[in-house]
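Working from the sequences, and respecting the hints, build out all of it.
2 protein chains.
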Amino acid sequence: MREQYREELEDINACLVEMANAVGSAMSTATTALLDADVALADLVIAGDDQIDAARESIEQRCFTLLARQQPVATDLRTITTAMRIVSDLERMGDLAEHIAKLARMRFPDHAVPLEVRPILLEAGHIAETLVAKTATVIGTLDVKAAQRLEAEDDLMDQLHRDLFRELLADDWPHGMETAIDITLLGRYYERFADHAVSVARRVVYLVTGEHQLNATV
Amino acid sequence: MREQYREELEDINACLVEMANAVGSAMSTATTALLDADVALADLVIAGDDQIDAARESIEQRCFTLLARQQPVATDLRTITTAMRIVSDLERMGDLAEHIAKLARMRFPDHAVPLEVRPILLEAGHIAETLVAKTATVIGTLDVKAAQRLEAEDDLMDQLHRDLFRELLADDWPHGMETAIDITLLGRYYERFADHAVSVARRVVYLVTGEHQLNATV
Numbered sequence: 001m002r003e004q005y006r007e008e009l010e011d012i013n014a015c016l017v018e019m020a021n022a023v024g025s026a027m028s029t030a031t032t033a034l035l036d037a038d039v040a041l042a043d044l045v046i047a048g049d050d051q052i053d054a055a056r057e058s059i060e061q062r063c064f065t066l067l068a069r070q071q072p073v074a075t076d077l078r079t080i081t082t083a084m085r086i087v088s089d090l091e092r093m094g095d096l097a098e099h100i101a102k103l104a105r106m107r108f109p110d111h112a113v114p115l116e117v118r119p120i121l122l123e124a125g126h127i128a129e130t131l132v133a134k135t136a137t138v139i140g141t142l143d144v145k146a147a148q149r150l151e152a153e154d155d156l157m158d159q160l161h162r163d164l165f166r167e168l169l170a171d172d173w174p175h176g177m178e179t180a181i182d183i184t185l186l187g188r189y190y191e192r193f194a195d196h197a198v199s200v201a202r203r204v205v206y207l208v209t210g211e212h213q214l215n216a217t218v
Numbered sequence: 001m002r003e004q005y006r007e008e009l010e011d012i013n014a015c016l017v018e019m020a021n022a023v024g025s026a027m028s029t030a031t032t033a034l035l036d037a038d039v040a041l042a043d044l045v046i047a048g049d050d051q052i053d054a055a056r057e058s059i060e061q062r063c064f065t066l067l068a069r070q071q072p073v074a075t076d077l078r079t080i081t082t083a084m085r086i087v088s089d090l091e092r093m094g095d096l097a098e099h100i101a102k103l104a105r106m107r108f109p110d111h112a113v114p115l116e117v118r119p120i121l122l123e124a125g126h127i128a129e130t131l132v133a134k135t136a137t138v139i140g141t142l143d144v145k146a147a148q149r150l151e152a153e154d155d156l157m158d159q160l161h162r163d164l165f166r167e168l169l170a171d172d173w174p175h176g177m178e179t180a181i182d183i184t185l186l187g188r189y190y191e192r193f194a195d196h197a198v199s200v201a202r203r204v205v206y207l208v209t210g211e212h213q214l215n216a217t218v
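Going down the list, the protein sequences come from chains A and B. Residues 1 to 218 (my numbering) make up the first sequence, in order. Residues 1 to 218 (my numbering) make up the second sequence, in order.
Computed spacing ranges between beta-carbons, pair by pair:
hint, chain 1, residue 1, chain 2, residue 2, range
1, B, 110, A, 111, 29 to 35 Å
2, B, 111, A, 17, 46 to 52 Å
3, A, 10, B, 73, 22 to 28 Å
4, B, 65, A, 137, 30 to 36 Å
5, B, 18, A, 115, 47 to 53 Å
6, A, 156, B, 178, 21 to 27 Å
7, B, 61, A, 137, 27 to 33 Å
8, A, 115, B, 174, 25 to 31 Å
9, B, 116, A, 174, 22 to 28 Å
10, A, 210, B, 51, 22 to 28 Å
11, A, 3, B, 165, 53 to 59 Å
12, B, 64, A, 141, 21 to 27 Å
No wet-lab data here; the hints were simulated from the structure. None of the values given here were measured: they were computed from a predicted structure. Note that the Cβ used here is the ideal one computed from N, Cα and C, for glycine as well.
What follows is the structure, given as structure tokens:
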């Protein structure tokens with residue numbers, strides 16, 4: 001019985017890693033859809049979000065069942081409540097990838113992103129992918145040092161966000177207001193995606209060390 | 001012992017209601033700070049967010065202790081896990097109020113919001129306050145019908161969000177790009193605040209009925 005319980009905990013962890021990878025793939029596809037104005041890819045991300053939501057449901061339900069049946073205490077209890085929070089961050093990251101895909105779809109066949117802003121969002125996409133890949137590793141390995149290093153990556157995203165605003169605020173922004181609104185929202189989506197990745201990493205640090213790295217206003 | 005446990009559950013619920021009221025008050029003050037360019041009010045909201053974060057910490061810790069000591073099952077278990085999720089929505093709503101206050105502070109002594117956009121954001125502030133007040137009631141009373149009615153209020157917020165974009169996209173927007181970016185982000189903050197209120201209401205519906213009103217992409 002105890003053995004089965006361990007296995008279930010480990011399998012939930014494996015599902016979290018898998019879900020993080022699915023979110024990473026959604027983000028990567030969404031960024032390509034956005035930068036290439038590829039509506040088929042955008043649709044793929046939009047349709048795929050249901051699976052990410054279903055993964056959340058399934059993992060939550062399994063955590064819930066474990067809480068009820070095994071009545072865990074101490075570290076096991078913390079593991080399960082942490083998993084329930086991580087799954088909610090990951091689902092939100094999936095939503096943000098979907099928002100990006102929807103914006104690409106809304107502007108199709110036009111490109112939502114003007115040429116001079118492309119490199120910044122391409123880079124934002126890369127950082128987002130790196131962050132979520134590292135997040136998956138952190139979940140799987142419970143590596144506190146790696147979790148803490150994620151914060152530095154997030155600083156890169158904040159820098160890109162500032163670069164984006166600098167483009168928008170240039171005296172000669174020639175692309176009109178609609179595009180400016182799109183770019184502002186896109187910047188926010190990438191930034192929030194990164195924030196949630198950092199939040200997952202912090203939850204892992206808390207799980208392992210019992211200490212919060214509190215920064216609730218990310 | 002059992003009696004004490006009931007009381008603790010009820011007291012946690014009372015703390016959630018209190019936290020929702022604190023978030024409502026932060027949002028109301030943030031909106032006034034924004035529309036009146038009142039930096040003292042903005043600072044009040046920014047400083048007050050620590051208390052909202054502390055309330056989250058405290059409620060989470062109490063839920064955690066209950067899970068470990070009482071090993072609840074069925075409805076009680078669901079009550080506690082729901083409380084842990086509600087508290088996270090409420091904390092995020094507090095963050096969004098703080099974002100609005102910070103934007104007011106950043107533009108001070110200027111007004112962040114031009115005259116013709118004021119009525120829309122004033123109304124958004126009112127809807128946000130109404131939503132969170134009703135959310136507090138829903139938490140306190142577990143009234144499923146009231147929870148379901150919240151969705152209609154959220155539709156009003158979505159309408160305002162569209163009005164905001166219409167202003168921005170008018171041919172003769174005279175306020176420049178920085179203000180346009182501010183307004184875009186403000187619109188997003190109010191919209192997300194409302195989304196989280198709806199999410200709390202849905203969690204209460206789930207708690208009472210066991211049925212999800214799933215709409216994960218709000």
